[in-house]
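Each protein sequence line maps, in turn, to chains A and B.
Residues in the first sequence are numbered consecutively from 0, following numbering that gives the first Met the number 0.
Residues in the second sequence are numbered consecutively from 0, following numbering that gives the first Met the number 0.
It is possible that some hints are incorrect.
What the hints assert, rightly or not - Only pairs whose alpha carbons sit at most 30 Å apart, straight line, appear in this in silico DSSO-like list of lysine-lysine:
| no. | chain 1 | residue 1 | chain 2 | residue 2 |
| --- | --- | --- | --- | --- |
| 1 | B | LYS342 | A | LYS97 |
| 2 | B | LYS153 | B | LYS280 |
| 3 | A | LYS254 | A | LYS152 |
| 4 | A | LYS152 | B | LYS153 |
| 5 | B | LYS342 | B | LYS352 |
| 6 | B | LYS153 | B | LYS352 |
Because the hints were derived from the structure by calculation, they are not lab data.
Being a predicted model, the structure only gives us computed values, none of them experimental.
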Amino acid sequence: MLTPLSIKIVDKPGKDEGGRGIKALLFLLVTLPGLWAPAKAQENNQMQNGVMNPREMNPDTIAAGQKLFTAACSGCHGAHAEGGRGPNLADGTLVRRKDAQHLFGSIRRGVPGTDMPPFNLPDAQIWQMLVYIYSLSTPAAESRVPGDAEAGKATFIGKGNCAHCHMILGRGGFLGPDLSNIGMSRSWNQLRQALLDSNSRSTSGYQGVTVITAAGPPITGIVKYRTNYSVGVQDAGGNLHLLPMHDVRELLFRKGSLMPDDYPRRLTPGEIDDVVAFLSRQSVRPIKIPGAPASPSRNPQ
Amino acid sequence: MKMKLLCGILLAVLLIAPPAGSQVRYEEIVQGPGANWLTYHGDYKGWRYSRLKQITHDNVARLVPKWTYHVEGANRLETTPLVFDGVMYVTNTNEVDALDARTGRRIWQYRDDQSSQQSVNRGVAVLGDRVYFLTGDVHLVALQRNTGAVLWHKQYAPADKAYSATLAPLALKDRVIVGVAGGDSGIRGFVAALSASTGEELWRFWTIPARGETGAETWNGFPAEYGGGATWMTGTYDPNLNLIYWPTGNPWPDLYDQERHGDNLYTCSVVAIDADTGKLKWYFQFTPHDTHDWDAQSTPVLVDLDFQGRRRKLLLHPNRNGFFYVLDRTNGQFLHATPFVKKLNWATGVDAKGRPIEVPDMEPTPAGKKVCPSMVGAANWMSPSFDPETGLLYVPVLEQCDLYTRSDSAPDPMKELMGTGSAQIPSEPGQFFLRALDPKTGALRWEYPMTGPVTMSAGAVSTAGGLVFFGDDDGQLVALNAQTGKHLWHYFMGQTLTASPITFSVDGKQYVCIASATDIFAFGLFEPAVPFPLVETSEQPLP
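Chain B on its own, in the form it takes in the complex (with noise of 0.2 Å):
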């Protein structure tokens, strides 16, 4: 019996052939997260709301660490774990992870030691029976789901040329959406879609139009490929408008503006592009000629909400420039603006059509200048979260001014910007806090304050058990009540947080999970132990 059963181990081999198991279908990415999280905001929209509700505000107390997986070698990770059939998927620089959800054991591992970048990476794409994902010198990777095998590399961009990638692309429908990093080294942002299948190119929008391009006129003449706009953050897509909402980067040089004169199109934006042919539909600027390095990365949000009397299609921002922006998202109209941050100098408000109206000499100078909010700025590429049975979004927000210097001269391309930055000013050090805004109107609902060294990058989760988790500057994840804003649970895992907590659901218990900078970390409630008798095993020669 035994030998027979050894003996069909060479047997029954299938060559060339997918494996049975169940595929990511794009229809239950637009459903969002239940058991599974399918893509790095959790679904389409942006929300990170989870409609699991085993974990609960009158028992989330009893929630304690499940498992931890320690990523060898890790110093930052910034990585949104994907879960889907009790596999997670998990990236650090040119890595990808398959852990068993259960037990956070590993059962591939794929890294590219070849690549000439070692960038940090937010996470994969999953579609079919496959991983997608982008390494450092901007190759798109498929991997066989299940194994980790490679089914092709393509590179989009070349990494010689300081682009990187550091996104989690985003799978719909047939195609990858990849964007760019290297926006403060001189680059020419573009949003790309590459096939799922093949790799190919379908489209390429470019962030900075080309001379003679509409738009161009926003530059007078700077150099198109040298223009920044990076697409460092995944956007997010409604399937009904075939829309894809993706946010870019500040213009390059990020501090000094004097031979780029204009308002620098498109750049610190929200673009809207038609996810079939890469047209630009509308494209909203939040800054117009940013001076303060305020990319435009928190996730574009897409809500359907009463506003003003009518239901309307809505796209929400929480921008780094400190205002929360309210949009038609079918067609880019503005219609709401308000600042989430108290400190704020640079702008007394915005116009009728969204533009700021801007203090007068609050530019960098070669001597400094002070500037609210800071460079890492009022909100950043920390997830945010939208819950619709609070109605209310969940937002990560620095309280901050910084000390703004610019330098002399302009900075070469392709190089690092030296000479220009920002510093904290030491007698009026920053905080952070998560807020919960009413998304119609940015009216602050609660906040919680946070007490640690104003360092982090960790976004929220809400879920449909009443609760928001987020991680904080002093290295917990947290969880509050999500209409109140009361204190429900935290845990320490003694490390900077860089990455936005998940929620997942496996043989029918669910589990939050969040990366640390060097561990992922499962939580789940409380169950006493059960003792493993151990297993009987032999080994047995081969047939």
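Chain A on its own, in the form it takes in the complex (with noise of 0.2 Å):
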């Protein structure tokens, strides 16, 4: 039961628009009594001081941050929260230039000057929204995350049998992307999805596919490019086969990702948290203190 709410936002605190004080109407969804629990729960483990670590991730704070989020901000920052009237939240940015303190605060008081207003809501779920926010960008190496790295090794390559088609630092198999730096590249949440949500899931570059060459023997393995004139396929030795149209009599393609979609059955849930831990360490550099941008090259010799 999910209960709209009328709130009016007040004019900002602290500053004379001079008439241009934005007032607007917000539907509110109010979380259920049961989207609540672990919140308060996450509350006592993260929240110091009024202060929590929007790093730190969780399936159901990160749930709880996107409801609100949907609810109070979608409007403006677009639905996944890539930016339309307000900047986009999603690619990192904003992230990277501002502490979670001063998000925090943004979002509590608003922007004076901005279209941004305030937001009274409750400590915890303005932290919720920020957990939601930092989860879309925060690289999962730099986020603190549950689960158990090690065991997520042995299960990696033991029961949830990942390399034999992913490699790490070259070993494993050769059908799936390689994995060796997903921790950077990837949010945890996403890593976790993709390991729960099938859907999730792109297939370019690794679709399934099987050439019916025109002379020779049939040649299995993954697209890793195809037009109407030519395909390159990558079989599961890893071996390159490019080959021009009028080689090929058929391509009979796989519908949709090569990864099995029955690890939330095939997994228990601690074994997915540990999976995903270890992949969130996959990093092939040294881990980095957030908020360092790359610097430009000063000498382009």
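Take the two lone chains, each set in its own frame, and fit them into one complex as the hints suggest.
Given below as structure tokens:
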């Protein structure tokens, strides 16, 4: 049961807007008590002196934050925080530029001189929104994540059979994307989604195919590229087959991702947390302190 | 039948096994370019000469574009594409793309978004089943050649101490030779060998001697850690002598010399290094105590020729300082030097040991001093090409003078050098030429003038088809008769060129290829279009 409430946004405090004060009406979904409970438990773990670590990832907090975000923020910042009337919050630019306390203040008090109104919500809810926003762009390697990475490694190689198709630093199979740096190129939530939700996986560059050739044996592997005139296939042994379509009689594509879709059944929630924790650690270089932007080359010799 | 085939996809997967595909062999790199182009200069000798001869001066008029690959986000490609077994490897800043060399379609891409330096990149090295490249922040990265999967990353110099990397590494035998950029910010240059299998550093040769070492006396106490001597271009290698020839950059600060009294070894030099041990065998300094930023980055070209009555192992080098040098590459003995530009006013010649006979008062001043050649130099890193058929060395040459200025006070190391530099003289615009030089005397055999805005960094490639291809400062790839220098063909790519062309062959068809600022262009002989009937496709669910 979700109850829409209308909340009147008051004029921004501490600033005379000279008649430009923004009054907005928005519909806020009040979360169910069921959503509150884990969020409260979170609070105990994560909140110290009223400050939460927004890089501490937890699926319930993220889900609660997303609900609040959808209700309160998506009108201006986009359904997926991709930006609109308000800035993009999903690409990490804002998150990297401002610390969490500052962003908390922006939500609570609004941003004077802009269209961003204040939101008079409980602290815990603002922090939930921030955890959601951080979850969109913070690399998993720079997040505090649940689970045991060492146990996850064992599951990755053993029960999960992930190394059958995925390579990490030269060890593993050839049919799935290389995961050597996946902790830096994906957020924790993205990693988790990829494991739990087969619809969240892109097949681009990894779609299964069998090529019936005009002369010679069929070739089975993944499609690296394909046009009406040529196709590039990489087989399970990592070999490339680059063929003009004159040499091809038929292409039998595999529907959907080759990655099994039964991990939610095959692995326990704890094992999934462990595998995601293991993947979150995969970074080819030492993990950097967030907030240090890449510097442009000063000397392009 | 179909389902059976589809089931096969999840079976027979090899775990932790190298791909069965063919390997890039060191011996094939030694042989030099045929169908494949396997190292930055084409071969270890620095020739950029291919024995391919399907495209000749008789049919080059029928050369047409075959495909164009756009490198997303690129604005200054400096990459020399490598080709092995029908796959091409090109680079941009912190990025490698593997392309189907027949079609220009991308097979895989590796991007390092965490690199802290956005430097230009000149290309990869290939060896075995691996691709090696350098990130801007000085990591040697080994990738699985067919898939682009990362095998390891190895940082070999600190990017936060002004080091960066721009060059294509040089892979030979069991090792990968690398250098560094950043010489104008006050680094200590070096050449290093890293294990091709693990990235472990095998040796390092510092281009600036430390206090107490031989050569340190040429600095008069100037701190070695800021001395410069960058190693930002790929060197060459003689497998028989087992020597690596690496060009070194200018001393730091480049135009401000008030504190670094002496010759400043081993800057503006070529150093011959034992490939196994990293020990210096010999060096030759082209510009002692350089004050004009005349890095020695032009390729050291290795040829064996009859010289003054006997067969000798030579090293040819057109230098930024305006002189063309011939050395004995076994021992570094100076044999010959002659100007290869007309605009040269800083020296009257070289003495018997190859040291320039300098004209007094040609150093930069705070007010500005007109010196020729320009700071870009008479030659620079644009690749020359040596054609054993014509016996000529083709060199992109710039005729230009600059007004050189220096600051009043010493700059800070690790920061961009401010207050010094050079400016073109508006009333005396420069001009690029492709010049064909006699490799023994440096004598000019022919030249082809360019007509553009005097900004480019493109080089040349020559072929057994009797052709020399080069990029010009008008954004054109041009083909000349290699013997006579007569124009045969050109194509305008509409962009400033900062890379050198190559040629390769796949499925029996020869291609010529060059990176423009933003795209890779591949050319081949005209063939009438053949219709492609649509291929039947179907989509099957997982079994």
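Structure-based check of all given hints:
no.: 1; hint: B/LYS342 x A/LYS97; verdict: violated (55 Å)
no.: 2; hint: B/LYS153 x B/LYS280; verdict: holds (27 Å)
no.: 3; hint: A/LYS254 x A/LYS152; verdict: holds (29 Å)
no.: 4; hint: A/LYS152 x B/LYS153; verdict: holds (23 Å)
no.: 5; hint: B/LYS342 x B/LYS352; verdict: holds (23 Å)
no.: 6; hint: B/LYS153 x B/LYS352; verdict: violated (41 Å)
In this structure, the earlier hints numbered 1, 6 are contradicted, and the remaining ones agree with it.
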